[in-house]
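There are 2 protein chains.
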Amino acid sequence: MKILIIGADGYLGWPTAMRLSSKGHKVYGVDNFSKRKIELENGIKPLFKIETMHNRTKEWNKTNPKKKIEFHYGDLLNHRFIYQLVSKIKPDAIIHYGEQPSAPYSMVGREQAVFTQHNNVIGNLNLIFAIKKYCPSTHLIKLGTMGVYGTPNIDIEEGYLRIKHKNRSDLIQFPVKPHSYYHLSKAHDSLNLSFASRVWGLRVTDLNQGVVYGTETKETILNDKFKTSFHYDHLFGTVINRFCLQAAIGKPLTIYGKGAQVRTFLNIEDTLNCIQLAIKNPAKRGEFKVRNQFTEIFSIEQLAKKIKKASQKINLKINIKHLKNPRHEMAKHYYKPSNKSFLKLGLKPKLLSDEFLISEIKKIEKIKSNIDLDTIDPTVKWDQKGK
Amino acid sequence: MKILIIGADGYLGWPTAMRLSSKGHKVYGVDNFSKRKIELENGIKPLFKIETMHNRTKEWNKTNPKKKIEFHYGDLLNHRFIYQLVSKIKPDAIIHYGEQPSAPYSMVGREQAVFTQHNNVIGNLNLIFAIKKYCPSTHLIKLGTMGVYGTPNIDIEEGYLRIKHKNRSDLIQFPVKPHSYYHLSKAHDSLNLSFASRVWGLRVTDLNQGVVYGTETKETILNDKFKTSFHYDHLFGTVINRFCLQAAIGKPLTIYGKGAQVRTFLNIEDTLNCIQLAIKNPAKRGEFKVRNQFTEIFSIEQLAKKIKKASQKINLKINIKHLKNPRHEMAKHYYKPSNKSFLKLGLKPKLLSDEFLISEIKKIEKIKSNIDLDTIDPTVKWDQKGK
Numbered sequence: 009m010k011i012l013i014i015g016a017d018g019y020l021g022w023p024t025a026m027r028l029s030s031k032g033h034k035v036y037g038v039d040n041f042s043k044r045k046i047e048l049e050n051g052i053k054p055l056f057k058i059e060t061m062h063n064r065t066k067e068w069n070k071t072n073p074k075k076k077i078e079f080h081y082g083d084l085l086n087h088r089f090i091y092q093l094v095s096k097i098k099p100d101a102i103i104h105y106g107e108q109p110s111a112p113y114s115m116v117g118r119e120q121a122v123f124t125q126h127n128n129v130i131g132n133l134n135l136i137f138a139i140k141k142y143c144p145s146t147h148l149i150k151l152g153t154m155g156v157y158g159t160p161n162i163d164i165e166e167g168y169l170r171i172k173h174k175n176r177s178d179l180i181q182f183p184v185k186p187h188s189y190y191h192l193s194k195a196h197d198s199l200n201l202s203f204a205s206r207v208w209g210l211r212v213t214d215l216n217q218g219v220v221y222g223t224e225t226k227e228t229i230l231n232d233k234f235k236t237s238f239h240y241d242h243l244f245g246t247v248i249n250r251f252c253l254q255a256a257i258g259k260p261l262t263i264y265g266k267g268a269q270v271r272t273f274l275n276i277e278d279t280l281n282c283i284q285l286a287i288k289n290p291a292k293r294g295e296f297k298v299r300n301q302f303t304e305i306f307s308i309e310q311l312a313k314k315i316k317k318a319s320q321k322i323n324l325k326i327n328i329k330h331l332k333n334p335r336h337e338m339a340k341h342y343y344k345p346s347n348k349s350f351l352k353l354g355l356k357p358k359l360l361s362d363e364f365l366i367s368e369i370k371k372i373e374k375i376k377s378n379i380d381l382d383t384i385d386p387t388v389k390w391d392q393k394g395k
Numbered sequence: 009m010k011i012l013i014i015g016a017d018g019y020l021g022w023p024t025a026m027r028l029s030s031k032g033h034k035v036y037g038v039d040n041f042s043k044r045k046i047e048l049e050n051g052i053k054p055l056f057k058i059e060t061m062h063n064r065t066k067e068w069n070k071t072n073p074k075k076k077i078e079f080h081y082g083d084l085l086n087h088r089f090i091y092q093l094v095s096k097i098k099p100d101a102i103i104h105y106g107e108q109p110s111a112p113y114s115m116v117g118r119e120q121a122v123f124t125q126h127n128n129v130i131g132n133l134n135l136i137f138a139i140k141k142y143c144p145s146t147h148l149i150k151l152g153t154m155g156v157y158g159t160p161n162i163d164i165e166e167g168y169l170r171i172k173h174k175n176r177s178d179l180i181q182f183p184v185k186p187h188s189y190y191h192l193s194k195a196h197d198s199l200n201l202s203f204a205s206r207v208w209g210l211r212v213t214d215l216n217q218g219v220v221y222g223t224e225t226k227e228t229i230l231n232d233k234f235k236t237s238f239h240y241d242h243l244f245g246t247v248i249n250r251f252c253l254q255a256a257i258g259k260p261l262t263i264y265g266k267g268a269q270v271r272t273f274l275n276i277e278d279t280l281n282c283i284q285l286a287i288k289n290p291a292k293r294g295e296f297k298v299r300n301q302f303t304e305i306f307s308i309e310q311l312a313k314k315i316k317k318a319s320q321k322i323n324l325k326i327n328i329k330h331l332k333n334p335r336h337e338m339a340k341h342y343y344k345p346s347n348k349s350f351l352k353l354g355l356k357p358k359l360l361s362d363e364f365l366i367s368e369i370k371k372i373e374k375i376k377s378n379i380d381l382d383t384i385d386p387t388v389k390w391d392q393k394g395k
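Protein chains in written order, with this note's numbering: chain A, 9 to 395; chain B, 9 to 395.
A hint or two may mislead.
Stated by the list, open to error - Below, a list of computed lysine-lysine pairs in the BS3-like style, where the Cα atoms sit at most 27 Å apart:
#, chain 1, residue 1, chain 2, residue 2
1, A, Lys376, A, Lys325
2, B, Lys389, A, Lys292
3, B, Lys371, A, Lys174
4, B, Lys172, A, Lys344
5, B, Lys172, A, Lys352
6, A, Lys174, B, Lys344
7, B, Lys292, A, Lys340
8, A, Lys174, B, Lys172
What the hints contain is simulated information worked out from the structure, not anything from laboratory work.
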């Protein structure tokens with residue numbers, strides 16, 4: 009298949025590009041480097057050195073001469089760029105990772121909130137129109153987030169919910185309650201995409217993904233130049249990364265608030281497996297298919313304890329520290345999201361293990377001197393005044 | 009009270025400005041003239057001559073020297089403009105009509121869809137940040153549309169719905185199913201606003217309004233220069249206007265599809281009354297209050313028959329013609345929206361009467377030569393290919 013990956017330079021985009029290429033697909037990549045630009049502007053770096061997209065693509069193509077990845081620098085906000093590319097390639101599937109992915113970044117202030125919603129929503133609209141015009145039967149696989157659902161007091165189903173009201177019944181898109189301008193942008197995208205499939209017969213799969221952890225895939229470990237990014241900072245860092253890093257350098261694990269807030273997680277290998285399952289099981293024409301993409305559910309406190317336990321196996325002394333929660337989220341809540349969809353398609357989850365955590369911590373220990381301690385603690389407060 | 013009206017040059021913005029001014033409020037108006045620019049670009053004109061905003065404000069201020077309206081030309085997309093204005097005025101209430109309001113326009117093609125969502129969603133975001141920064145206790149009254157709900161198979165409540173699922177219960181924002189990129193922009197706005205009130209304690213009233221008809225208010229009839237716009241064209245025209253105009257010139261009333269689609273309606277005087285009731289009954293800090301703003305429910309066919317009946321009283325011969333529906337909407341559907349909120353606050357609806365219709369038709373007859381027949385029939389198809 010011809011597969012176009014948007015956001016191909018990203019944490020997940022790059023490993024996805026290599027995986028699909030190695031599976032024999034013809035892979036095209038697009039990126040506007042907006043994440044690397046935000047890193048630059050904020051003095052943030054991934055922990056391990058990441059090659060430029062140009063060099064790692066060159067290296068991949070050199071070692072896999074029959075499975076070349078074709079990379080195009082460009083921006084979805086420039087509709088002429090994406091119109092031209094899509095009209096030339098006419099991809100069988102498009103995987104759209106190309107959005108500003110940081111909730112804290114979107115909450116810094118007006119400029120960042122507007123950048124996030126403009127980049128994500130309008131970029132996605134341009135892509136929808138490009139598909140409609142040039143390849144209306146292309147299967148669009150769009151990355152969403154479990155965060156759109158918020159933490160409702162009912163079980164979270166996959167995209168839809170049958171409801172009853174005054175003795176009548178309807179099937180609705182599952183209610184959303186996003187908790188940042190970033191998460192809101194994903195909710196807007198989903199409404200726009202659902203409309204486009206309903207009215208124009210587009211084929212769309214919306215993947216509401218949990219928090220992905222891990223940097224090792226079959227391909228990233230082949231060559232130092234194939235590494236994908238590990239973020240531990242206050243903008244792009246995720247909680248498992250932060251805890252492992254704090255454990256490695258003997259700093260207390262920082263929990264925001266009480267830690268009873270519950271989230272969904274998955275290993276990067278499972279992301280790649282889910283993407284491949286989504287490709288193999290496309291939405292029908294006119295279908296807006298929603299799948300929840302995660303394998304496990306933990307509270308932040310449970311995670312901290314897991315990392316503590318793993319660390320103790322290698323004789324690290326671990327403390328846990330609670331910070332005032334900078335985010336606006338429920339301290340304690342019901343949480344029961346479904347993830348049957350990918351399990352039914354055959355996903356065999358790779359669960360979070362002590363072995364994984366110990367290996368992460370050991371990798372970080374070796375590169376301690378690269379860590380910028382000043383970029384770890386949260387600086388963006390959800391309720392900050394006057395920005 | 010100091011009241012800022014955004015979109016003050018609009019069909020509803022201008023009558024609202026005069027009404028609130030005449031009630032003794034200090035009124036500030038803002039407009040970017042985007043609707044007049046779209047008219048210009050598409051060769052469309054309102055039926056009756058409309059003064060420039062500058063001249064009608066001048067005239068109002070001359071005849072009401074103690075109740076001056078202060079008008080500022082500017083664009084919400086320019087955040088410096090709205091930051092500066094809001095920081096200077098610190099209004100008690102802001103009425104936000106300032107969005108691209110045409111569903112067909114938003115469906116012309118990519119450029120128009122993107123303009124609509126960019127103008128509406130990002131403009132509204134800039135306004136949210138301006139309020140947060142300079143006047144967080146201001147009551148924001150935002151105009152939405154009944155169209156966000158679509159035509160669900162259950163009763164439409166006002167903004168929220170208590171649902172049960174697997175023996176648990178939650179209160180959700182009422183499900184939406186918008187049927188154009190314009191209607192989608194209003195759904196995005198509502199999610200952004202609901203978030204801002206939840207997290208920042210803003211006071212927001214979201215008015216999901218039906219289709220407004222009529223051009224006469226206590227103030228518009230005082231002076232020819234105070235008239236508000238009457239649109240009958242394929243972009244901004246509404247169905248009651250079109251039917252009255254077709255009746256006046258002996259053309260068949262054009263129903264899109266079978267005419268069994270049902271919509272909500274209200275007289276322009278009731279819009280002004282609802283706005284005043286919303287001002288008097290503000291949302292609390294942190295509250296996202298939703299009110300459905302309409303007084304009557306008709307199918308398009310019922311409306312055609314009403315106009316036919318009224319026309320026959322003045323001996324007009326009326327035919328009805330069905331056009332292929334250019335829109336993507338359900339031909340037949342359940343529809344039972346609630347509008348209790350404003351009735352409870354004391355709204356006395358001014359219902360659609362034969363007298364009103366006859367007076368509209370007679371006014372149109374007098375100015376027949378102004379009608380541009382080429383701009384009436386729908387040109388924008390929801391499912392058009394390749395634009």
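| Numbered hints the structure breaks, given as an ascending list | 3
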